[in-house]
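Protein chains: 2
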Amino acid sequence: MCLAEKKLEVELVEERYWEKDADFLRRNPAGKVPVLRIDDMILTESSAICEYLEEIHPTPSLMPRDPQERFEVRRLVSWFDDKFHDEVTSNLLYERVNRKIQKAGYPDSGNVKAGAKAIKYHLDYMAWLLDRRRWLAGNEMTLADFAAAAHLSSLDYISDVDWNRQPGVKDWYAKIKSRPAFRSLLADQVAGFPPPAHYADLDF
Amino acid sequence: MCLAEKKLEVELVEERYWEKDADFLRRNPAGKVPVLRIDDMILTESSAICEYLEEIHPTPSLMPRDPQERFEVRRLVSWFDDKFHDEVTSNLLYERVNRKIQKAGYPDSGNVKAGAKAIKYHLDYMAWLLDRRRWLAGNEMTLADFAAAAHLSSLDYISDVDWNRQPGVKDWYAKIKSRPAFRSLLADQVAGFPPPAHYADLDF
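For the protein sequence lines, the chains are G and Z, in the order given. So for the first sequence, UniProt numbering puts the first residue at 1; every next one is plus one. So for the second sequence, UniProt numbering puts the first residue at 1; every next one is plus one.
One or more of the hints may lead you astray.
One copy or two, either will do: identical chains are not told apart, so a pair holds if it fits within one copy or between any two.
Distance condition first, Cα-Cα at most 25 Å in a straight line; then the derived SDA-like pairs of lysine to any residue [claimed, not checked]:
hint	residue 1	residue 2
1	177	155
2	83	38
3	177	82
4	32	138
5	6	67
6	117	59
Hints in this document: simulated from the structure, not taken from any laboratory.
Starting from the given sequences, assemble the full structure and let the hints guide the process.
And the structure:
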């Protein structure tokens with residue numbers, strides 16, 4: 001999303017990171033995605049990659065100038081990539097999809113239940129923020145919106161987001177979905193898991 | 001460490017965050033530490049806090065100027081706060097200490113074993129980096145060194161670091177330990193868990 005928003009062309013390569021083959025681990029000892037290669041520089045850790053892209057390609061900007069506003073962006077990126085990831089994404093997406101792809105057994109129903117409960121609280125928190133601001137971290141669209149949208153779109157792909165719960169969150173996601181940078185991502189599919197009809201639809 | 005290095009005075013307050021009392025959750029809905037209060041601004045998420053302190057108090061600097069070097073600092077902060085935390089700190093410190101303080105039963109021996117195995121690989125990785133650079137992220141001391149030292153010192157408090165494994169890592173930690181900013185932290189103790197004699201000793 002960050003690359004597309006800044007109109008930086010990239011060749012997407014599927015990494016079966018869970019197979020931990022030696023070649024992949026050599027490029028990225030952390031053994032996870034995303035990995036971005038720019039010439040012979042190999043970058044890992046999504047938030048570090050996005051901050052780097054922001055510094056070398058500052059326009060269009062995905063970070064405000066003011067230190068307090070920058071703090072709020074970083075706080076929310078951590079919120080989604082850490083707390084939301086652990087409480088929601090790993091309990092729903094990883095149980096329902098990753099396990100099957102990785103041939104790691106059936107979803108753990110306790111985890112799925114915990115994820116389904118936690119996403120409600122997270123949608124409410126997002127609604128609370130969006131009641132006070134145009135975008136999640138302030139009045140401009142930032143990396144925080146992209147971090148949140150990355151998680152929510154992957155959960156929407158398996159119909160795990162109740163868009164009727166918080167109209168403010170639905171409006172925010174409609175704005176994200178309508179961005180040119182986001183359109184191509186919505187066309188991307190996981191083999192063996194066709195998305196529901198509403199997934200790529202701007203009128204969902 | 002970041003506050004002390006920049007000579008910013010702070011009043012330390014113990015938070016029993018696992019008790020999740022309403023007043024603490026109101027200040028920090030993520031329900032974790034650290035939380036930094038500056039006037040009526042409440043900051044959470046350690047990496048977001050440190051980046052903010054770096055922006056409003058840039059001297060002495062804990063971040064390089066060059067975007068590639070800044071990337072490497074952020075990659076390593078994530079490495080320690082994410083991967084090292086999950087593989088080592090949560091398996092050793094949280095099992096041996098946090099469980100007891102939180103009255104959450106006995107250490108899980110499988111987790112402790114996994115942590116004891118993982119720390120070896122992490123010390124080797126740090127040695128590999130330090131063989132190529134004076135500090136973890138490059139030739140200057142940065143937030144990456146502080147992130148690593150925060151984890152290692154808490155593990156050293158319970159004698160879970162084998163300092164003989166990698167002399168380069170021991171030398172690096174000796175340099176960190178000798179900094180004035182670090183000395184006062186080494187005097188801090190967890191009630192009911194006296195540290196070993198070598199913990200605060202510069203000659204360990």
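Of all the hints given earlier, name the ones this structure violates by number, lowest first. Of the numbered hints given earlier, the structure breaks just one, which is hint 6.
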